[in-house]
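Trainee: One-letter residues, chain by chain:
Number of protein chains: 2
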Amino acid sequence: MTNDKNIQVGFVGLGIMGRSMASHLLKGGHTLHVFNRSRPKADELVAQGAVWHGSPGEVAAASEFVISMVGYPTDVEEIYLGKGGIIESARPGAVLIDMTTSSPDLAKQIAVSAAQRGLVALDAPVSGGDVGAREAKLSIMVGGEKPAFEKALPLLKLMGANIVLQGGPGSGQHTKMCNQIVIASTMLGVCEGLAYAKRSGLDPETVLQSIGSGAASSFALNNLGLRILKNDFAPGFFIEHFVKDMGIALSEAERMKLDLPSLALASKLYQQLVAQGFARNGTQALFKNYEP
Amino acid sequence: MTNDKNIQVGFVGLGIMGRSMASHLLKGGHTLHVFNRSRPKADELVAQGAVWHGSPGEVAAASEFVISMVGYPTDVEEIYLGKGGIIESARPGAVLIDMTTSSPDLAKQIAVSAAQRGLVALDAPVSGGDVGAREAKLSIMVGGEKPAFEKALPLLKLMGANIVLQGGPGSGQHTKMCNQIVIASTMLGVCEGLAYAKRSGLDPETVLQSIGSGAASSFALNNLGLRILKNDFAPGFFIEHFVKDMGIALSEAERMKLDLPSLALASKLYQQLVAQGFARNGTQALFKNYEP
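For the protein sequence lines, the chains are W and V, in the order given.
Those letters in the first sequence? Residues 1 to 292, per our numbering, in order.
Those letters in the second sequence? Residues 1 to 292, per our numbering, in order.
It is possible that part of the hints are untrue.
[What the hints assert, rightly or not] Distance windows between CB atoms, simulated:
# : chain 1 : residue 1 : chain 2 : residue 2 : range
1 : V       : Glu254    : W       : Ser251    : 33 to 39 Å
2 : V       : Gly49     : W       : Gly201    : 39 to 45 Å
3 : V       : Ala275    : W       : Lys288    : 19 to 25 Å
4 : V       : Pro154    : W       : Gln209    : 15 to 21 Å
5 : V       : Glu254    : W       : Asp232    : 26 to 32 Å
Calculated directly from the structure, the hints in this document are not laboratory data.
Where is the CB? At the ideal position from N, CA and C, for every residue including glycine.
Okay, chain W solo, but in the shape it has when bound (with noise of 0.2 Å):
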C-alpha cells in the first residue's frame, strides 16, 4: 500500500491551492478520486483522469489516503466527522491528510475519531501559496505518528520541498500558527516603516535599498513591501483567510493564556480592512490602514 506506484488518492477541495496539490498527485502516476463543493473546479483535473465522486465520503470509500484542502475549521469538521463523511468512509487502514489550516484541537478529535476506526490521521497544513504549490515547493508542517508520516511521506514529496513532522496530533495545525503569528507582525513592520517613508518624504524604493537587505529584511519586506510601493493589492494570499488563521491562533493563546498583543492589533487592524471590503484583496493591502 506504500507503494509508490498507483497509490489510490483522494483529494477533497479544490481551490488554488488544492487543484494544484492534486495535479503533483495525479502527475506522479497515482489514480486520484476527487470531490469539491463547486464542480467546474474539477473539471481540469477530469480532463486529466481524475475520478469524480458526488461526496467526501465517496472519495475516501474509493482511497488508500485522503487528503483535504478546504476552507475553514467547520469545513474540516464537516467532511471528517459528519453522517457519512471521511472517517465514517474510509477503507480500514487508510492514511487520512487534512492540508487545510485549521484548529490544532480539531485536529486531535479527528486523529481520535480516525483511530477508533482503525485509521490513521495526519494534521499537515502549508505555507509557500499558491506559487509554492503551483511548484510543489511548499513548506508541509506535519503532526501525527511518525509511521503514518513516513507512509505519507512519498506523497508530500510531490508536493512540498520542506516537509517537518513537528509532533503528535495537532502540532501542524500549532506550527502553522506559530507561522502565521509570526507573519503578522512582521506585516506591521512592513506597513509602518514604508508608511513612515512615504509621509516623510522619502523614495520608499530607494528606502528598500538601504533597509532590504539588513537587520531589517524579510520575505515580507522584499516581496509584499515591493507589491505595496507599485500599488498592487491582488491577492497572493486572502485577507479573510488570515484574518481565519489569526482567529484560531488567539482563542488557542487565550486557552494555553499567553498574551500576545501584537497579534491582537493584527488581527483587529486586518478585520477592519474586512469591515471595508477588502477581504479579497492579499495581505499586503494591510498597508490601506495607514493611508490618509
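Fit chain V to the known structure of chain W by using the hints.
Mentor: Chain V alone, transformed into the frame defined by chain W:
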C-alpha cells in the same frame, strides 16, 4: 582635498561602533584625529597612530572631514552646536558627517548652521551592528547635498558596503527610522511566534526548520530567534539604544500625524524591559516579556 591619500579625518565618539569604524579610516592611509569622552577607549587607536585631541572642537580644527558616532541626540547637539563645538571650530570647506542615529530635525538644523559657516553637513546613520562595523559592511543611509555626498564617498566606502544617498539633510535619519520601525514589529512577531511554539509544547528549533525559510522568514527570525532559543540575551544592539531610536521615530510620526500602533506597542514593551533592568541586554530580550 578629495584626494584619496592622507586626508585629515576627525572622529568623535569611540564606542564599540566608532572604534571599529575609525580603525578602517586609519588603515585606509588617512591621518586620524580623535576625541572620546572617556580617554581609555582611544588608547588602541592612538597606539596605532591616531592623534588625540582634548575636545570635539580641537578635532574639527585639525580635520578636512569630521565624523561623529556618539550616543544621543543631546550629545550630537552639544558637540556640533555647542560653544567651542565642531561647527564653531571647523575649517572652512570641511565636511561634517554625523553617523549617530539621531533626530532628522536636528540633522536639518546642523546642516543649516554648517552652511552659515561655509561648511557642509551630512547625516549618515548606519545599520549592521558591531559585526558590520568590524567587517566594514555597514549599510550607510545618507542625507545631504549630492556634492558633499560624493566628496565623502571614498571615506564612507572604507566603513560600509551599502551606501545610499536618500535625499536632502535629515533623509539619512528618516531612513534609519524606517529601518528601526520595521525591526520593532518584526521582533514582536519573532517573539510572539516562538513564545507560542514553546507554550504549545512544540520544539521551537524544529519549528524554525519549518518556518525559517518561507513567508515568515526574516533576518530577525533566523538570527535573533536562534539566540532566543539558546537563552542568549547578550547585546548585539542594546535595548536602551533601541528605545531611544523608537522614541525619535514615534515623535517624528506624531509630528507627521501618522499613527504607528505597532511601533508604539513595541516601544512600550521595550520600556517595560528597561524598567526591569534589561537596558543593556540585546534587543532579542524582548522575549522575556512573553515568559511566565
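Trainee: Hint by hint, say whether it matches the structure.
Mentor: Here is how each hint holds up against the structure:
1. For the hinted restraint 33 to 39 Å between V:Glu254 and W:Ser251, the CB-CB distance of approximately 34 Å keeps it satisfied.
2. Hint check: V:Gly49 to W:Gly201, Cβ distance near 42 Å, so the stated range 39 to 45 Å holds.
3. Between V:Ala275 and W:Lys288 the Cβ separation comes to about 35 Å, which falls outside the hinted range of 19 to 25 Å.
4. One distance hint, 15 to 21 Å for the beta-carbon pair V:Pro154 and W:Gln209, holds here, with the actual separation near 20 Å.
5. Distance hint check for V:Glu254 and W:Asp232: the Cβ-Cβ separation is about 30 Å, which falls inside the suggested range of 26 to 32 Å.
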